[in-house]
Every structure is written in C-alpha cells, then in structure tokens.
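S.K.: Residue numbers (the working numbering), protein chains in the order written: chain A, 51 to 282; chain B, 3 to 828.
Rather than coming from a laboratory, the hints here were simulated on the basis of the structure.
Note that CB positions come from ideal geometry on N, CA and C, so glycine has one too.
Treat the hints with care, since some could be wrong.
Derived coverage of chain B by chain A (criterion: at least 3 residues anywhere in the stretch with Cβ under 8 Å from a Cβ of chain A; other residues may be distant) [said to hold, decoys possible]:
hint : region
1    : 389-401
2    : 735-743
3    : 746-756
For each label pair, taking beta carbons as the anchor points, the in silico distance ranges come out as [to be verified]:
hint : chain 1 : residue 1 : chain 2 : residue 2 : range
4    : B       : Ala113    : A       : Asn260    : 53 to 59 Å
5    : A       : Glu183    : B       : Asn142    : 46 to 52 Å
6    : A       : Ala251    : B       : Arg280    : 32 to 38 Å
7    : A       : Asp253    : B       : Ala786    : 45 to 51 Å
8    : A       : Asp253    : B       : Met479    : 34 to 40 Å
9    : A       : Arg100    : B       : Ala113    : 57 to 63 Å
10   : B       : Met479    : A       : Asp282    : 53 to 59 Å
11   : A       : His171    : B       : Asn142    : 56 to 62 Å
12   : A       : Asp160    : B       : Gly764    : 26 to 32 Å
13   : A       : Ala268    : B       : Asn142    : 54 to 60 Å
14   : A       : Ser154    : B       : Ala113    : 54 to 60 Å
15   : A       : Ser145    : B       : Pro182    : 57 to 63 Å
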Amino acid sequence: MVLTKQHSEFIAVGRLAFIPHASGVLFEPYERLLIVSDLHLEKGSSIARRGALLPPYDTRDTLNRLSAVIDGLKPKIIISLGDTWHDGKGPSRMSDRDNEVFASLRKHADWILIAGNHDPHPPEDLAALVTDEIEIGGVTFRHEPTTDDQSPEIAGHLHPVAKIRAKGRSIRRKCFISNGHRCIIPAFGSYTGGLNVLDAAFDPLFSDRNFLTHIVSANQIFVVGPHSLVCD
Amino acid sequence: MILPEPFAEWFATRGWQPRPHQLALVTKASQGLSTLLVAPTGAGKTLAGFLPTLVDLASLSPTALKKRGLHTLYISPLKALAVDIARNLETPVSEMKLPFTIETRTGDTPAHKRTRQAEKPPHILLTTPEQLALLLAHRNARELFANLNTIILDELHALVTSKRGDLLALDLARLHRLSPKINTIGLSATVREPIELQRYLVAQHPNQKHYAELVTVEGGAKAKIGILKSAKRLPLAGHTALASMSEIYKAIQAHHMTLVFVNTRMQAEFVFQELWKRNEASLPIALHHGSLDVGQRRKVEAAMVTGKLRSIVCTATLDLGIDWGDVDLVINVGAPKGASRLMQRIGRSNHRFDEPSEALLVPANRFEALECQAALGAVEAAAQDTPDARIGALDVLAQHILGMACADGFKPDELYSEICTASPYSNLSRKDFDRTLDFAATGGYALRAYEHFAKIKQNRDGIWRIATPRAAQQYRMNIGTIVESTMLKVRLGRMTKAGTPARGGRVLGEVEDYFAEGLVFGDTFIFAGEILRFEGLIGNEVIVARATKGVDPKIPAYAGGKFPLSTFLAERVRAMLSSEKSWHVLPPEVSEWLHWQKEKSILPKSNELLVESFPSGDRHYLALYPFEGRLAHQTLGVLLTKRLERARMKPLGFVCNDYGLCVWAIRDLSAAMNDNILSLDALLDEDMLGDDLEEWLAESSIMKRAFRYCAVISGLIERRHPGKEKSGKQVTVSTDLVYDVLRRHEPDHILLKAARADAAAGLLDLKRLGDMLKRIRGNLVYKALEKVSPLSVAVLLEIGREAVYGEAAEDLLADAEKSLLNEAIG
C-alpha cells in the first residue's frame, strides 16, 4: 500500500474514487452513490431519558442538512454507514414530522442501512437493504473499521476530526482520513463529537501515520497531511 | 444606647469603647430594622455585625436558649472566610462565657455533620450562598428557618456583582417568606451606590421600593499612596513592569510585609520569577494565585498569618477579606482598572483602623502611567466606581425553581410574587418567569417532546414538585453559579523507556484548557514559579518537566486582566490627556510622549474621540482612542472590521488595549476618507449595534461560551466534577453543538436569551460601547497622518495578539494546505 503524496480533491479507496463533500459525506459520481455515517438520530431524546433535556431538534437538524445534500447531489443509492440512530429505540421516538422528512429522503434513492454498534438492528422497513456490511466494486462498506489489509474498506464509527494550529490559533474540524486503502468518514449527526485522528485508536488502521485528511470546513475541503496536525 | 451585660463589662475589661456604629447596629436590630453597614477595612465590621445577635441570645434564659433553634445565619463569599470568622467569634463568646453554639457549614463539612445540622442546627451558622441554597431546598427548610432571627451578609459589595448575588437574592426572598420578621445586616466596603445594597437587603414590593437602614463609618486615617518612580524609562507598551522590578524589590526590603497585587496569574508568575532573580537577601517571597494547587495556597496563607513571609505576589484571589496579618505595604503592579478595587486592595495594608495604609502603584507602560495618576486622584477624592446593580439572570432563576420544587413544592403565583421581592428580580416579567419554569420542567421547547421526562411536575393540587429522586440529586450536584473554565492539572512527569511521557510526579496546579491547547511538545512556560517544559497531554493532565537551567520561558500573551478599565477612571484619563497643565506630575518620558503626540497629531478634548489614519509598511491603519476598556474595544474592533469589509477596504485585522484600538487594511483609508468613499460618521454610527452585531454574534465563540455557562447553571447539562470526567470518546454533547442546533431551530429560546444577556453585559460590554457611540456623535476629531502617531504606537505594539474573526480560520487552513503542497513539490 503506497500513499502517493499527490494533493488530490478525490479520495481513492481501492479501485474507486470518491468526492469528499464539504458537508461531510462521500460521493461516487458514476454510480451516484452517496455515503454518510453516524447520523445518531434521536441522540437528544436518548440523553433526555437520562435527565439532560437537550434541545429536541437534532434529528430535524441532521435530516434537514442531509436533505440539502441529497437535493444537490441527487444520488441513486445512499449508504448509511451505521449508528443511523443513537440507540435501538431511536426509530420509535422520531416525531411524525421527522418521519415524513426521512421518508421523503428515501423516495428518489435506495437506502442501504449498515448496522452500527448503537443500532445493531436497524428497522428493515425503512431501507432497501439492511446489512452488517456490503461490498461494491471491491470496496467493503462497514461501520467499524478493521485492520484487515486485504480488502479496501470505507467505515465510520470513529468520528474523525483533525486539529491544526498556526499563528497562535487552533481549529478543530471534522475530516475524512484515508490512505488509498481505507477511508474513515466523519460523523454527520448534529450532536456528534469527534476523535482526533492522532489518537491511538487510529494507529493500527493507518500504520506509521501514513494518511491524508480532508478537512471539512464551511463550504470547502482542505487536504492536510499528518505533519501539519496537532493532538488535542 | 448602653450595651447590656456581660458585653459592657467585656469591652471595659479590654479597655475598649464600643464604636458608635456597633451600638447603632444593636439599636436598629432591637427596633426590628434591617441595616447596611458601610465601613472601610479595620473598622470592626464583623463584630458589629454579630453584636445584635449576641445581645439577643444573651437575653434568653438557659432553658429558652436550649430550645432555641437556628438564630443567625452568616453568609460569606469565601468558605475560608466563614471558617476564619467562626474562629474570631469564639474569642468574645468564650471570654464572656456565653453558651452559644457556633458552627460552620461549607463544601468541606462532612456529610453526617451536614445532616445533623439540618435536623439540629446551632444558634449561629456560618456558611456560603451555595450551602444556603442547599439548605433551602431541604425538606425541613420550613421548620429549620421558621425562627431565624438574623441573617448577616458579609462582603456584600463583592457578592452582589455576580450571579452568586442573584442566587443569594433569591434565597433571601425565600427566607423573608419563611420568617417575615427576619433582620438582615449587610456588611460592605465603600461603594458608589449604597442605596442599591439597601434595596437588596429587604423584600421589595410592586410599585414601591423598600430600603434597609444605612450606617456609614467614615474612612480612618487617609492612605499614603504613591506612584513608584523607576530609574529606567517606562516602555510604550507591555505589561511586565520589568523596568521597575529592582525598585519593587527595594520596597519589599524596606518593609516588614508587602502584598504585591498583579492583574493576571501570568503576570504573577513573571513578577515572582523576576523578584527571586534579584533576591540577594533571600527574603521569603511567596506566590499566590487561583491556579496553584489548593494545598500550596493554604501553605502560603498559613506562613503569612504566622509572619514567616516578607512578601506575597498575588492576584485577585487575595482581594477579599481574610485578615492575613501585619501587612505594611501594598504594591499594585500594572493598571489599577478601577478606583474602588484599588482602594479595597490598599485596605489590605495596616488593617488597623486609625493607622494609614501605605501603597505604591507601579505602571508597566505609559498609558498605565496615566491610569495610575488618574486612580491616585480618584482615591484622594474618595470617588467610587463599583459596578451598577445587576438584573437577575434567568439561568440562576431556573436553578432556584428546581431547588424550590425539591423543598416542599410551590404554586407558580406564589413563587412568582416571592421572587419579585428579590431586588435583582423585582422587574421580572410573568412571561419570563413562566418560560423559565417551563424550561426547568421540560426544557421549554416549542416542540414539546419531553413531557414524560419532566424534572418537575404539577400535581392536581396545583403544586409543582420535583418529579424523580434523580432530578433532585442532579439539582444538588449542580448547585451554584461558579462555572470553572475547564481546567487541566499540571503534573510533573517522567519519561518512559519508550521515550513517551508518563504520569509520575506531583501536581503543581491547574491551567485553563485553552492554554494547554496552545502548547506543543518542548514549549517552555512559567508556572508555579518554575520554568517548565511541556511534554504532552495524558487524559486530563498536562505533563511537564522542569526545564534545563538558562532556558528562556515562552511567556504566553498577556490576556489583559479580567477587569476592563472602569468608565470613571477612563473619564479621568481623558481629562488628563486634554489638559497639559496636569502633565507635570507624570514621569518625564510620559509627558514627552504626550507632547510629541500633540505636535505630530492631535490630543483630543475630554469629550472628543480622536481618529487617525496613516500608512505603515504596505498596510493602512485606522487608530481610535475611546478609552472604554478592552472589552468594548474588542467589540468595536470586530464591528468596524465588518463595516470596512463591506466598504471594500479589505481590512486584515485589529488590535486593542484598554485605551484604544487600531484596525488595518489593504486599501488606502486616508484616501478613501478624503474622496468621501468612507465616512467616519457612518462608520461609527450607533446602528452598528443592530444587524452587524447580531450577524457576528450568532457565529461568535463569545455566545457559545456564554451559552455553556448558562447551560450548566440552569441544569441543562451536568456540571463537570473534578475527577469524574470521562476521558477518551465523548459521552456528552458539546454545548457548542447544542447552541448551534437550538439557534437554528428555536432562536428565541429562553436560554439563548439568558446567554445573550450575559454576553452583552460581560464579554461584549455593549452598554458601554453604546454609550460611547452616543457620546461621540458630533465630537469626532480626525487627522490623516503620513506615518504612525506616538499614541498609536503604544496600541500597535499589541499586534500579534488578536486576529480577524471568521475568515481567518479558513486562511489558516489554506496556509496549512499550502505548506503541504510545498512539501509535495519540494
């Protein structure tokens, strides 16, 4: 596995090339395949059950943003890479309005729901396919990344963020982290935090810190290598 | 009035005369009147406060005394002060053989003792506002306070300026309701508007203001204050006071015990370090500031009380009240910022009433020399500049509502009228109360999603009660209004064989997380009086090593102190600037600098705002001198930059201090002004506080920070408790994310309103900026210059410490990207 130091706006994984979108989703333009991860829908209400009554608008907010992305990219297939809901009972707590929005997002595209650790059994009736993982074009899509170096993969789960520091200031943003063989995509949910890509959790996945990050910011993507990043 | 026995005799055997104000307090109390006692330090304020209680308790028969429950509550802002006062009170009580029970109750009091205190209280209980709130939320509160006779509020001037003052006011309102005949006694240093404190002490009623009585003790001997004269010339900018360090050391040598006050802990570290470099006589000089380890602070305090120290370098942590022994000199390094604050600091020296305090002011730069001189004038005129009375915060109200639901519940109508008797909340609208109540219950969202998770519920009888034991537990854990910025422990580490840092050594203290975030491996900084090298972050700890000798510390940028220059001192500084006659008292380099400014540019009259424009390098600058304090200038800087951007002047950044600000741009500002493309009047129009402000605020970190504090205080999210933080993957939701979502979906939510009020008053200083914009209407003086002006140099030297907001973040990312590109090409 060789990481070319080429400065590219594409993210290559195996034989496929993806466009990292500034919203934090991946897009494959030939098959019109959109990949989004870690929506964590109903995280607010999940936490509310434990006493912190956070604004119950996170599901609406997440779906609104996703809806705008879908309107722009017009995908045929949407893969949600797991943790679509923050907990197993999440789907039953969605409001009617949010259910309607979610239904409208399924009208023009086929959804593939990958099971995540937060939602190991996503509802079957909301997607064309519910599965633990799926292979397309030689690339495996799953929730938790593996250390398997044989088959290329795209995963979520870790909520990668990158932090850079310059001129006495630091900025911490969601990012894609990839090395040509593996790509981990950022969490899309409105209430999702992140884990710095320099954290030890990423080490076994990207040996010798041989990776590139595509940092998501406002309406742009910035490509930054590991040497320009700092720890939390 | 004559004191009854055994008090008269006790005073006599000690050869003392009861002071008139001490007698006055006993008289007022016997007439059932609440009283505010305003007195300078050393006037026997504390004894005066307790005397009515002691006299009343002494009049009871032994059996009545035995049956008497809680008689007096004493509330202090510091738990150390409560403990100290209890100790001091023991002396007269035991000498007069009075069988009264006196106890303290703080966060350190063991749980079993606190339980016992709630069931069988002492006659006199000394505690803090937070503990009082907990007691009032207790199921027994009604019985516990039913016969409360007196409540003494110490250091009231300091308490009322913060949200703690709001919390205490709400608790006071409840106490007034539980025992309507209660007597309140407020003890305060001299303030600008004692009438506000008089209102605070008694229950307010609609359409009518009520006031406590006022007893004032005039100042004792006049303080001897001077400005330190340094052999070296004062620099134009900077805050280190390095030029005066030898003189400071000499002054310490010449005195018995010196307190050296500075404005920030970084300054404290620096001054401490520099004094030790000069400490040939090895004088015991210590350091005291808020981020040092508590154990270490207590050690310093103990050493001071026993007279083992010659000097302590300290921050505002020693501003308040404990009698630290025989201080005979107070040195204030840097700008005093406010006349009242300065007087209270000076009062720390010679705690005896009739001897003069001695103090030295040490300006660190030329603007500060002006400010010190202005402060000197203010102290001589005994002028005060304590802040305005607060408007009660809604997040504190939400916390209080939860507490009252924990007690024995409430009916909304009754609670609302009770809360309106608290002076900070006397103008609270019923609508805001109802919305806050709704918030406390279910979050108060228009989308009513959480009815079944409600924290408080209304029963059929119309009474609101806490819904679950967990909600009550959460309330108790969350009590209080002090939200610490996230602090990280600083620990001496060791290197493992693999060359990575590991925990090992002792904890030196704490730093704010933003400071730690800015550190990279190998950075050196001064902390706890040592030069340390940053090794890495492990969990919530900053691991450091002692730096090798001779290494220069990388001192972090001076944050300018927490307190902006007071409006009152600002006026005096402006007046001084405009009157050449007053300059002879200033150091020669300062008056020379002002003369130079007059010659090259303009010195504005005291009601005018001077604006200069000039080129320098390949930039064009706009310099303004409002003298309205750093916070207001920062807000003005952001808004001006926005306006210049819209006028296509391509602004790049701005810099400010307490006295002025400079904005710089790519386009020629002088030319634009000359060609009437740019109008100063339009640029500085009051309408900048409209849409421009809102647009910026929505995205700014200032609102996010304010929101975080409100979210914690109001109980929306749980407070972090030291040692209980979860490390690694985040299990909670960052309040920044919550803020973004709430703002997008319910922008008029009550918590956003609370955050907005805090930001406007605190970090943005909007009122002051608004007043300034009004004041300068028609009073703008403008000068186009060929090059930088003498005044502007002193502001410009702060460059590198501020940056343009928003866009700049993208620039940084672009830079980082560019460097990668270079790496790839090269």
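S.K.: Sort out which numbered hints this structure fails and list those numbers smallest first.
M.R.: 1, 5, 6, 7, 9, 10, 11, 12, 15
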